[in-house]
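Protein chains: 2
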Amino acid sequence: MKWKPNRHSHLTIHEQIVDWMKSRIENGDWSIGTKIPTQRELATQFQVNRSTIQLALDELKADGLIESRVGSGIYVANNSWNVLLNNSQPNWQQHIDGSIHKPNYHTIQLINEYEQLHHIIRLGTGEIAPELLPTKQLEHSLKELALDARSIGYSSPLGNETLRANLCEYLKKHGIQTSSENILIVSGALQALQLIAVGLLEAGSVVFHEQPSYLNSVHPFQSAGMRMISVSKNNHLIQQLKAYKRNRQSLFYTVPTLHNPTGYSLSLKEKEDLFHVCKELQIPIIEDDVYHELLFETTSPAMKSFDKTGQVLYIGSVSKTLSPGLRIGWVVGPSKVIERLADIKMQTDYGSSAISQLIVSHWIATGLYEKHLVELRQQLKWRATFVEHILNQQFKDIATWTKPEGGFYIWLKFHKPIVNKALFLRLLKENVLINPGYIYDSSDLHHIRLSYAYASFEQLKVGLNTLFEMIQHNK
Amino acid sequence: MKWKPNRHSHLTIHEQIVDWMKSRIENGDWSIGTKIPTQRELATQFQVNRSTIQLALDELKADGLIESRVGSGIYVANNSWNVLLNNSQPNWQQHIDGSIHKPNYHTIQLINEYEQLHHIIRLGTGEIAPELLPTKQLEHSLKELALDARSIGYSSPLGNETLRANLCEYLKKHGIQTSSENILIVSGALQALQLIAVGLLEAGSVVFHEQPSYLNSVHPFQSAGMRMISVSKNNHLIQQLKAYKRNRQSLFYTVPTLHNPTGYSLSLKEKEDLFHVCKELQIPIIEDDVYHELLFETTSPAMKSFDKTGQVLYIGSVSKTLSPGLRIGWVVGPSKVIERLADIKMQTDYGSSAISQLIVSHWIATGLYEKHLVELRQQLKWRATFVEHILNQQFKDIATWTKPEGGFYIWLKFHKPIVNKALFLRLLKENVLINPGYIYDSSDLHHIRLSYAYASFEQLKVGLNTLFEMIQHNK
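From first to last, the protein sequence lines are chains A and B.
If you read the first sequence in the working numbering, its first letter stands for residue 12, the second for the next number, and so on.
If you read the second sequence in the working numbering, its first letter stands for residue 12, the second for the next number, and so on.
So that you can see chain A by itself, here it is in the shape it has in the complex:
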């Protein structure tokens, strides 16, 4: 026992003694029930006053680490270890519970987790199947990329210049006329929403969205304290918007083409009407257009194409088409807005992966992207037909659906409200993962977002059969 307090420490003498004793207990040198030396002995050893020892012992007693036994002395307490463990670890749970960002719903956390497991049949995944990804072509294009040192440094605030110039050309096919100063490269569409949430809205602003909505399954706006209002598409839209808008700031979030989760598209007339209603009420529009390239037959102008005054923030991405792993998307908007979002992006992650930007730029410029899209649409269409065939055979009496016009999803509606968390969990036990409607509209127990994009044909067959059997079994 050679330790002594250090008179030049930043800690007071009694604090050092407390620490030393705690470490005795922690190391197990003083195990539970150990009798502690007397105050006199300790005072002598440490060359301090007995009152200092008293102070240290009082603190340890208050912490529950030691206890007096009358007439016998002071002992290491029975639960000292528990106390120490609690004391010495930061209380992370408390940190987490009180913090700002909302956790994902439990169902979504489970989806994120189980999507990692290879044996799971993924009936709801919003991602193209591994075999639909142009993996070999991507690998090949990596070999063709010429890096230059400037392009792999920190990105310019708006993102790679060549990529933005190529996007300007590309976006013309959706009727969008823009210039590269009006484009911000982001790490996927979700990041765009995140930047808009913290960069363009005061807390408590209203975010209008369709019902059901992808926005209910992620929380960029909710975590920033926005008020989410779902509106239904009917003749009273303008009244609904007026009623909630009042003097608050607001935005209208929409996926007008191949909506997530329903797969529906607005007609040209509906797009125009929504645009004009929002314009009249001065409600900026966020047009999330990440599925647009996957329309099977017709193309349809983006709402952004009507926009001459900076009413619409347009979001695109290659995550649903080329590869989600690239993490590349874009926002098109008025330069003032784009500069603001770029400023926040610089404060958030200093830009998106330079290599990913180079790859996307290369794919767009060389036409590889367009060529891949033609093939991908064909593949998705085959898959849609296959799933519809199964649905027609098995599900006709218990559910309804609409023939998909593109994208990934069939919004399968069961006659009865059976799509609850219990069903989700029971299916998970059978290794079948679904995206239940309630993650897009908490009151919805009728729908499943069925994706024909990810699982293999065999898995689609087995998975849908499992789903059917389970529903029959539980009737």
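Since the hints were made in silico from the structure, they are not lab data.
These numbers were taken from a predicted model, which means no experiment stands behind them.
Treat each hint with caution, since some may be false.
No distinction is drawn between identical chains; accordingly, a pair holds when it is met within one copy or between any pair of copies.
[As the list claims (entries may be wrong)] Cross-link-like lysine to any residue pairs, in silico, SDA-like; alpha carbons within 20 Å at most:
hint	residue 1	residue 2
1	LYS347	TRP103
2	LYS253	ASP30
3	LYS154	LYS244
4	LYS414	MET239
5	LYS147	ALA157
Given chain A, put chain B in place with the hints provided.
Chain B only, in chain A's frame:
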């Protein structure tokens, strides 16, 4: 004039008339000073009551678009265009002003902007020079990457598994023992701070940091509503922490090795002391260790290596060493914390670039990374020596500095408080960009963060000479 209101529109008749008239004015069909048809004419044309016309005209008058001239009729107002422009564009500035995230300081926005211009001499840039980046080797390694479809899909919440396993091995060199479940891959260190800010702290929590601090030049915590407290390293640290902590949640942010902006490193003893003080007060530590690999001579254990109880969240990155454009960093911490941060990352951007992760994994696993670091350190050391030589020749009488032990920076201290925004702007006019001390500590007018990492030898010479001349001239 064939237009008529549509009785089946979602808009009321008078709203449609207002819109139509606005569009006349907007298109220039009704230019300023144009006399508008009489109420009777309009009522006939539109087949509506005169009272409906009256309602529409009143609204346009209230908006300032039209004006009555007594006894003469109604005319398009002089300032109608201004009114229209204001009305038809969403007021984005108001959106921006009221929103949550703080803008970058103006000086930092200028730095971000001017760093893009090729003719600018960058004396403060926190980035390795293009010629120090292993561009050709990176290009070569792209050719060697074998992609598989799973790895370019959406990432697992924690990031690429192989990369995390490789990092476990790699981190042992800093004394860190961890497992891959305790590592989250992020898009650079700044994103890690962002996730921590919204995922682990309640609004109003205290974030302790050194003075000066990199944290003053970015706003992950400030934008989340945290209270920033700078503490000075002295014997009273524990009192300072106790005084501000009270019952609030808190964190201590530190760059203990090759600090940004000063370039200083804590000694082993200082690291231990800081660790134990924070542990005692149950203040979790964020150890930002992104410059550690760039120590010229000795290595030094990370504070994380002392940690047995999950006290320290450790942040690393390849942005300062391999390439900032990859946007790959990592956080090491207790699994509960890592899961929480991963959950928010999934909600923020669905993971980091898969290709970037594959590249970093490849570089670490094959030893390319270590080999590159040896060369990079040597190059940086030469640059440091070169800059010290210039400083010794020119700046000895007006400033002091410490010989750098690694990294990018010399924390150049002028005897007089001359480093203000005017100096920054005057230098910018001469095409010389500096990082003034005040962006790291708003009250500091003595320092410049001088970086020998980015500019070429010739530029360093010219830039420092310009700086010197300007200071002499303005004495």
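Hint numbers not upheld by this structure, sorted from lowest to highest:
Going through the list in order, the structure violates hints 3 and 4 and respects the others.
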